[in-house]
Amino acid sequence: MNPVQYGAACQALVDTFDALECGQKDHKYWGDDAVATVRAEIKVHYIAEQNRRCCYCGREYPTDNNAVWDGEHIIAKKIAPHFMFEPRNLAASCKDCNIAKGDDEVRTNPKRKSFPDEAKHYKIVHPHFDNYHDHIRWYGDVVKPLSPKGAELVGMCKLWRFGITKAGAEVTPPNPLVDGLIGVMMDPQADALTKEVAIEAYKTYVRAQPQKAAD
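Residue numbers (the working numbering): 1 to 215.
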């Protein structure tokens, strides 16, 4: 992903902040009216750069309305205000992912003073340094982590919430046979023939189930 390149006016504001001593850098400055143009520039860039998809859940939000998006600090600004305007620490996220992630620590070495600029420096999938699809796979609304980083992101941003929402409050009694078929269909290591057999068996099961009348 290409990091934001600030315009001259925004860069001047960023430079002024970056020139402060570390002890003077306050994360609350992010909400100051003086940097409203910087926040807007960041959102506009990353919304377009990410093709209107959240950097964490990958869901598409087909709008350029800045109010729908959050300017996301991958390393939370509260715990590292000195990285607050670092372009590679910024992205666009949906509000639910941003709220779920909160101020959780994402670095493998929080004591490092310089900006962590490699994928190995992060516990989660990083929008700038990682290939998302190497770590996360979606099966409709069901998420499957493909790596420890993927698992960390799923937990931190509660990416399982989409499957739970889709399922609703109704809980289907466990069925070992059906669970096994679903497992085969989701297994990236299963061969095509095995998956095809599982799919046909699952179709047969679904057709045999009594259908609820529409409301």
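It is worth saying that the hints were derived from the structure and are not from the lab. It cannot be assumed that every hint is accurate.
Under the rule of at most 25 Å between Cα atoms (straight-line distance), these lysine to any residue pairs were calculated in the SDA-like manner [unchecked claim]:
1. K78 x M185
2. K28 x V44
3. K149 x F129
4. K78 x H128
5. K95 x V35
6. K120 x A151
7. K78 x T63
8. K78 x E152
9. K158 x G58
Model, not experiment: these values are computed from the prediction.
Going through the hints against the structure:
{"no.": "1", "hint": "K78 x M185", "verdict": "violated, 42 Å"}
{"no.": "2", "hint": "K28 x V44", "verdict": "holds, 21 Å"}
{"no.": "3", "hint": "K149 x F129", "verdict": "holds, 12 Å"}
{"no.": "4", "hint": "K78 x H128", "verdict": "holds, 20 Å"}
{"no.": "5", "hint": "K95 x V35", "verdict": "holds, 20 Å"}
{"no.": "6", "hint": "K120 x A151", "verdict": "holds, 15 Å"}
{"no.": "7", "hint": "K78 x T63", "verdict": "violated, 28 Å"}
{"no.": "8", "hint": "K78 x E152", "verdict": "holds, 20 Å"}
{"no.": "9", "hint": "K158 x G58", "verdict": "holds, 13 Å"}
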